[in-house]
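Peer 1: Given next are the chains, with one letter for each unit.
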Amino acid sequence: MKTKTLILVTTLPTLFYLFTWLFYPFIYNIYFSTFYYKLARPELTRFIGIENYVSLFTDPDFYLAARNTVIFILACLGLEFALGLLIALCLSRDFKGIGIFRIFFTLPILLPPISVAIIWRLMIFPEMSLIDFITQTLFNIRINWMAGGFPSYIIVMLIDAWQWAPFIGLILLAGMLGLPPEPVEAARVDGAPPTTVFFRIIIPYLKPIILIALILRFLDLIKLFDPIYAVVTGGGSGIETLSVYIYKRGFKVLDIGYGAAISVIFWIVAFIAANLIVRRFKEYLV
Amino acid sequence: MKINGWKIATVIAFILLTIWTLIPIYYSFITAFKSRIEITYWPPTLIPKEFTMQYWFIIWFDRPTIAYYRNTVIASLISTLIALAFSMPTAYTCARFNFKNRSDVLFTILTFRFLPPAAVVLPIYVFLRQLALIDTPISLGLIYGAINIPIGVWVLRSYIIEIPPELEESYMIDGYSRLRAFLNITLPLIRPGLVAVSLIILALSWGEFLFASILTTSPAGKTLPVGISEYMGGEWGYEWNKIMAATFYAIIPIIIAFIAIRKHLARGLTFGIVR
Amino acid sequence: MAKLRVEKVSKKFGPKKVLEDISFEVEEGSFTTLLGPPSAGKTTLLRIIAGVEHPDKGRIFLDDEDITDLPPKDRNVALVYQTFALYPHMKVYDNIASPLKARKLPPDEIRKKIEEISEFLNIHHLLDRYPRELSGGEKQRVAIARAMVKEARIYLFDEPLTNLDYKLREAARTELKRMSKALKATILYATPDPIDALALSDKVHILFEGKLLQSGAPREVHDLPNNLNVARVFSYPTINLIDADLEMKNGKVTLKTPFVSIDLPTYCTSTLAEGRYLLAIRPHDLHIVFEEDRSLTNVFKARLLLTYIIGSETIAHVEANGVRLTLHLPYIYRVGEVRDVKVFIDANRILLFDANTMERVYP
Chain B
0 MKTKTLILVT TLPTLFYLFT WLFYPFIYNI YFSTFYYKLA RPELTRFIGI ENYVSLFTDP
60 DFYLAARNTV IFILACLGLE FALGLLIALC LSRDFKGIGI FRIFFTLPIL LPPISVAIIW
120 RLMIFPEMSL IDFITQTLFN IRINWMAGGF PSYIIVMLID AWQWAPFIGL ILLAGMLGLP
180 PEPVEAARVD GAPPTTVFFR IIIPYLKPII LIALILRFLD LIKLFDPIYA VVTGGGSGIE
240 TLSVYIYKRG FKVLDIGYGA AISVIFWIVA FIAANLIVRR FKEYLV
Chain L
0 MKINGWKIAT VIAFILLTIW TLIPIYYSFI TAFKSRIEIT YWPPTLIPKE FTMQYWFIIW
60 FDRPTIAYYR NTVIASLIST LIALAFSMPT AYTCARFNFK NRSDVLFTIL TFRFLPPAAV
120 VLPIYVFLRQ LALIDTPISL GLIYGAINIP IGVWVLRSYI IEIPPELEES YMIDGYSRLR
180 AFLNITLPLI RPGLVAVSLI ILALSWGEFL FASILTTSPA GKTLPVGISE YMGGEWGYEW
240 NKIMAATFYA IIPIIIAFIA IRKHLARGLT FGIVR
Chain R
0 MAKLRVEKVS KKFGPKKVLE DISFEVEEGS FTTLLGPPSA GKTTLLRIIA GVEHPDKGRI
60 FLDDEDITDL PPKDRNVALV YQTFALYPHM KVYDNIASPL KARKLPPDEI RKKIEEISEF
120 LNIHHLLDRY PRELSGGEKQ RVAIARAMVK EARIYLFDEP LTNLDYKLRE AARTELKRMS
180 KALKATILYA TPDPIDALAL SDKVHILFEG KLLQSGAPRE VHDLPNNLNV ARVFSYPTIN
240 LIDADLEMKN GKVTLKTPFV SIDLPTYCTS TLAEGRYLLA IRPHDLHIVF EEDRSLTNVF
300 KARLLLTYII GSETIAHVEA NGVRLTLHLP YIYRVGEVRD VKVFIDANRI LLFDANTMER
360 VYP
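Chains as they are written, first to last, in numbering that gives the first Met the number 0: chain B, 0 to 285; chain L, 0 to 274; chain R, 0 to 362.
Keep in mind the hints are simulated off the structure, nothing from the lab. Predicted model, so just to flag it, every value in this text is computed and none were measured. Cβ coordinates follow ideal geometry from the N, Cα and C atoms, glycine included. One or more hints might be untrue.
Non-contacting residues of chain B with respect to chain L, defined by C-beta distances greater than 10 Å in every case (computed) [said to hold, decoys possible]:
id, residue
1, GLU42
2, PRO59
3, ASP60
4, ILE70
5, ALA81
6, LEU137
7, GLY177
8, GLU181
Pairs of lysine to aspartate or glutamate residues, derived as DMTMM-like cross-links and limited to a Cα-Cα distance of at most 25 Å, are as follows [what the hints assert, rightly or not]:
id, chain 1, residue 1, chain 2, residue 2
9, R, LYS16, R, GLU27
10, R, LYS72, L, ASP103
11, R, LYS103, R, GLU114
12, R, LYS90, R, ASP127
13, B, LYS3, L, GLU161
14, B, LYS222, B, ASP58
15, L, LYS6, B, ASP58
16, B, LYS222, L, GLU165
17, B, LYS1, R, ASP73
18, B, LYS3, L, ASP103
19, R, LYS72, R, GLU26
20, R, LYS341, R, ASP192
21, B, LYS1, R, GLU26
22, R, LYS72, R, GLU6
23, R, LYS2, R, GLU174
24, L, LYS99, B, GLU282
25, R, LYS90, L, ASP103
26, L, LYS6, B, GLU184
27, R, LYS100, R, GLU115
Construct the entire structure; sequences and hints are all you get.
Peer 2: Laid out in C-alpha cells, this is it:
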C-alpha cells in the first residue's frame, strides 16, 4: 500500500470519529441555541434567534458560574502545585520502603473523581461530619461545609487538591528522578545551602516538566464538575462552575435551547484556550 | 546521629501527608462497617463500636448494583476497544512517517482532549434520545472511546517511537509486509506500554460521571458512579455505609490496576510527554 | 547472484539533498564498496536499493528488472544494518529463521539451513540465546547469518565494522573476506574506512555529500583520485594538504612550499600554469630520514610534535616551517631527546590539485 494512502487511512477515520462526537455537537448547539426548546414541552419550540444569548449575558448566574470557574482554576492550581511540590520532595528521598509511600501518596490520581468527591462528602456531611469534629475540638466552631459560600469553596479546593496534587507530585518526581546528579552534587560540594540548590538548580531544570503539569491541570480544571456536584447536591449553591451550570440549567430542567447557548460559549472559550496554550507551548510537548 | 532540621521537617511532612492521604480513605472504608445508627453518632467514631459486615452484601440485593457494575464494565471495555482501534494505527503512522500535516493532526487530536464534556452533552443527549440509544452502556462506550483517543494516540506514539524503525524494516526485507512487521515486531515490543494505556483508559472510563449521569436513566444503562451518586440525594442521603461499600467495590479494581501499571502512570497521564 | 544497476537516483529530505543523480553498476558476483564519510548518503542509498526508502527520482534495476516500485519483501535483497537490527524478543535461532519462515519453507529445511550457516559463522552455540546476551561481534555474525541464509540476489552491508571495537575489526574484516569468497554473491558494501575498500573489494565508488565522485578499481582510485574530496575520503589517516606555488623558469617546473621545493617533470610546462595549487601527500608517503644521504633530494627539517603508536605502526605529527604534517610510519618510533628530524617527501607520490576546482591536475 502506498505510504500516502496508508497515512490517510490511519488518520482520517480517527479525526472523523473525534469530530463526530466532539465537534459536530458544537454545531448542533449553535443550532439549538437559536430556539426556545424545552424537552418537557416540545410543542412550544420556536425560533428566537439570539434571545437565548441575550438572556445568558444578562443572567447573573452565568457570570457567577464563569467567575467561579476562573476562581477554581487559579486556586486549585495553586494548591495542587504547592502540595504537589511537597509530595514530590518527600517522595524523591531514597530509603527502604519509599516504594510503598510512592504508591500510597499517588493513589488518589486514578480514582474516579466522583468517588473521591463522595468520600469527602462523607467527611463534611452535616451533623456527622468528621471535619466538623476536628474543627470543634480545635477551634470550637462548627461550619456547614455544604451550604455554599466560602466554606464550600474551600472544600472543593481540598477535594481537588487531595486528588490532583499527587498528579503534579508524580510528574515532578519523574522529573526529579531524571535529573543529572552532577550539578546538584557540585553545588553541594561548593557548600550551597539546600534552599539555594533547590531554587537555583533544581527548579530551572524542571521548568519544562512543571509547565507540562500546569498546562494539563489548567485545561482539565476548566471542566471542573464532580467535586462541586457532590458538595452542593442537597445543599447550598453559589459555587457552580460552567459545567455544573450547564448541568443544572440545561439538563436538570431540560432547557435545551438555553443550555445550548451556554454550551456554545463554553465550547468556544475552552477551544480557544486549549488551542492557544497548546500552540504556545508546542516545543515542550514533542 | 546528627539531628538535622531538614530531616525533622521531612519526617513531619511525611507524617502529615500520610494522615492527609489516609484519613479520607480510611474513614470511608470503616464507615462501610458501621451500623445504621452508628453512622450518625456524634462525635463520629474512628473505630466502629460494632463491626457490621452486612452492608457489603446487602447492596448487591437491595439495589441494582449488579446492573450498575455490568454497565460500567461494558462501557469501559467498549471505550477501551474503540479508543485503541482508532488510536493505534494513527499512533503508528504519526510515529513512523514524517508527513506534512503530522504536527497539525497530533495537536488537533490533543486539543480535543480538553473540550468540556458539558459543552457537548446536550446535543448528544437529544441525538441519542431520538435514536432510542439513551440509557445503554454501548452508547456510553462509544463516547468514552472518542474522549480517550487522544491519550491513546499520544501515549502509544511515544512507545512506538522508542522502537528503532530498523527492526521493522529488517523484518520487511526478510520478506514480510509492513502490517506483519507491525504485528510481529512492533506490537510485542510495546506490549507493556499497550497494557498500561489500556488500563488507564479503562480506569478513566470506569469513573466517568458527567456523560453517564445525563445519558442514562435507569438501571438498564446506569454505571457505577451514577448509581452510587444516587445514594446521595434525598432519602437515601444517610445510608453512608451502603454508599461507602458500593464506592469501594467500585474503586478496588482501579487500585489494583493502578498498582499494576504504576511505572507507566506518569507517561500515560501526560500523553507520553513525561517518561 | 544478480547485477545491480542504479540509474540517476536522487533523494531529498526536506531541503537537504541527500543523493544527487547517482548512477552506477555492480557486476554479478563482485564485491563493490561504497566509500564515503558519514552523511555522504551511503545508508540512504542502501535503503533505497533494499526498498525501505523510495527515491524522488531514478530507478533501480536488478538483473534488468525494474524493482524501484517493489516492496522490500518482493525484492529478495538482504541488508545488514550498522546496528545489526536483531529482533530482541526472538531467540537467535528465530532471528536467523525469519527470512526462511517468510518464504514458508518447511521447518526441517529451515533447521538444516540454519545449522549450516551457524557452523560456517561459528555461532552454533548461540542459537538458543537472546540478542541481549550476545557480544558485539556475535551480534554482527548473527546479523550476517540472517542475511546469508536467505540466498539473496544481492547483499547490502551498511558499515558492518563501525560498531565493533577496533581490536575486533581486523579479525572481522578477514572473516568478511572469507565469507564473501565462499558466498559467491553480489555484495555492495558501504563504509567510511578506506582500508575496507582496499582490502575487500573489487571495485569502489566514492560517495561524497550525495554525489558519486569517482569509480574504479580500489588501487587506481586510491592512487589517482580525480578530486580533492576523493583523496580526502580515500585516505587514512587524513591526507596532508599544503599550499604550494608553481614557478616555471628556464623550462624547469618547481613547486615551492614553505618547507621544501620540489621539481616536477618538464612536460608539466605544457600541462600546468603558474600559480597557487594544493599539494597533497599521504602520511605514509612521508618518511623520516635517519642516515645522511646526499643523493636524496626533497628532504626537509621538521620538528616532532607528537607521536602515537598503533599496533606496530606510528602516527607522527610534525611541524615544518609552520606547516603541520602527519606521517604514518610502518614501524614503532619512539621520541627521544632529539625532536628535530629530517623528513623525506616522495615526489613520485605527490598529488596536485587546482586550488579552486579541486580537480587533480598532476599527475
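Peer 1: Against this structure, judge whether each hint is valid.
Peer 2: Evaluation of the provided hints:
1. GLU42: Its Cβ never comes within 10 Å of chain L, the nearest being 16 Å, so this holds.
2. PRO59: About 20 Å separates PRO59 (chain B) from the closest Cβ of chain L, which puts it past 10 Å; holds.
3. ASP60: holds (15 Å)
4. ILE70: holds (17 Å)
5. ALA81: Non-interface label stands for ALA81 (chain B): nearest chain L Cβ at 12 Å, farther than 10 Å.
6. LEU137: holds (13 Å)
7. GLY177: Given a closest Cβ separation of 7 Å, the condition is violated.
8. GLU181: holds (20 Å)
9. R:LYS16 x R:GLU27: Violated, because 30 Å separates the two Cα atoms, which is more than 25 Å.
10. R:LYS72 x L:ASP103: violated (32 Å)
11. R:LYS103 x R:GLU114: holds (18 Å)
12. R:LYS90 x R:ASP127: holds (6 Å)
13. B:LYS3 x L:GLU161: holds (23 Å)
14. B:LYS222 x B:ASP58: With Cα atoms ~20 Å apart, LYS222 (chain B) and ASP58 (chain B) stay inside 25 Å; holds.
15. L:LYS6 x B:ASP58: violated (54 Å)
16. B:LYS222 x L:GLU165: Violated, at about 43 Å.
17. B:LYS1 x R:ASP73: Status holds; Cα separation ~15 Å.
18. B:LYS3 x L:ASP103: Roughly 16 Å between the alpha carbons, so the hint for LYS3 (chain B) and ASP103 (chain L) holds.
19. R:LYS72 x R:GLU26: At roughly 23 Å apart (the allowed maximum being 25 Å), GLU26 (chain R) and LYS72 (chain R) satisfy the hint.
20. R:LYS341 x R:ASP192: violated (30 Å)
21. B:LYS1 x R:GLU26: violated (31 Å)
22. R:LYS72 x R:GLU6: holds (21 Å)
23. R:LYS2 x R:GLU174: Between LYS2 (chain R) and GLU174 (chain R) the Cα gap is close to 24 Å, so the pair holds against 25 Å.
24. L:LYS99 x B:GLU282: holds (17 Å)
25. R:LYS90 x L:ASP103: violated (40 Å)
26. L:LYS6 x B:GLU184: Holds, because 18 Å separates the two Cα atoms, which is no more than 25 Å.
27. R:LYS100 x R:GLU115: The hint holds at about 16 Å.
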